[in-house]
Amino acid sequence: MVRKESLDLLQKAMTRLPTTYRSAIALCDIEGLSYEEIAVVMEIPVGTVRSRIHQGRVLLRKAYEELERSGGVKS
Amino acid sequence: MNTHIDGAEISAFLDGALAAPDRARADAHLASCAPCARELDALRHMKLVLSSAPRKTMPAELALSLERRLVAGPSFWKTLTKPAFWIPVGAVAGAVLTVGLWMRQARAADELPLEPLLAAHARYSAEALVPEGNLVASNYSDQLNTIYSDAPDSELQ
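Chains F and C, in that order, are what the protein sequence lines are. For what it's worth, this note's numbering labels the leading residue of the first sequence as 1, then goes sequentially. For what it's worth, this note's numbering labels the leading residue of the second sequence as 1, then goes sequentially.
Okay, chain F solo, but in the shape it has when bound (with noise of 0.2 angstroms):
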């Protein structure tokens, strides 16, 4: 069961990504779409897709912890 915290807390750190990375993100982890289809989306190669989604996902557990530690989402 997923808590409602977390999962403010990281849409919260969703809005602190650079746009390339969150639709990335957003598109594979949200709407569940394959590489393949990200790619069409948004019309970058799958390597590239693979490539934003994890440095994305760097980026997202980074702002998540950012926020963690300052006092999560009523900041």
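Derived by calculation from the structure, the hints in this document are not laboratory data. Accuracy of the hints is not assured; some may be wrong.
Here are the computed lysine-lysine pairs in the DSSO-like style, where the Cα-Cα straight-line distance is at most 27 angstroms [said to hold, decoys possible]:
#1 F:Lys4 / C:Lys47
#2 F:Lys12 / F:Lys62
#3 C:Lys47 / F:Lys12
#4 F:Lys4 / F:Lys62
#5 F:Lys62 / C:Lys47
Computed from a prediction, not measured in an experiment: that's the story for all the values here.
Since the structure of chain F is provided, determine the placement of chain C on it from the hints.
Same frame as chain F, now just chain C:
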């Protein structure tokens, strides 16, 4: 030596985006490497949380367009960036430009002032050895040959 898997590869493994051989290799490594397994768990948790976010319904038109493009291959706009498209297009454009310039030049020649041409024609008629009436004859070349073949060599020099 137990070399760790690249982070992008762990992400791709999580998303089921690795080819079978890579997936098998990553699977074997993750089973025996605690740091990589922890990284995978952290990513999996984040993915799980995000996947619980309200999903926006993709507009039907976009879904249809996506399906078509996946079937059809690269988009028209991507095709425009490929040399294989521009080389023949450039050749045709060059040919059209050349013909266009030639036609413009030909038209410009048609538009030369008439007076100098008439004056030149009158001068030629007066100086020519051929009677003026014969200048428009269809066998003009034959007549010229006749005249010059009859004339002594000294007159031609």
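These are the hints, each one checked on the structure:
1. At most 27 angstroms may separate the alpha-carbon atoms for a hinted pair to count; F:Lys4 and C:Lys47 meet this at roughly 14 angstroms.
2. For the hint pairing F:Lys12 with F:Lys62, the CA-to-CA distance comes to about 12 angstroms; that is within 27 angstroms, so the pair holds.
3. For the given pair, C:Lys47 sits about 15 angstroms from F:Lys12 by alpha-carbon distance, which is consistent with the 27 angstroms threshold.
4. A distance of roughly 19 angstroms separates the Cα atoms of F:Lys4 and F:Lys62; the hinted pair therefore holds under the 27 angstroms criterion.
5. About 15 angstroms separates the Cα atoms of F:Lys62 and C:Lys47, which keeps this hinted pair within 27 angstroms; it holds.
The earlier numbered hints are all upheld by this structure, with none contradicted.
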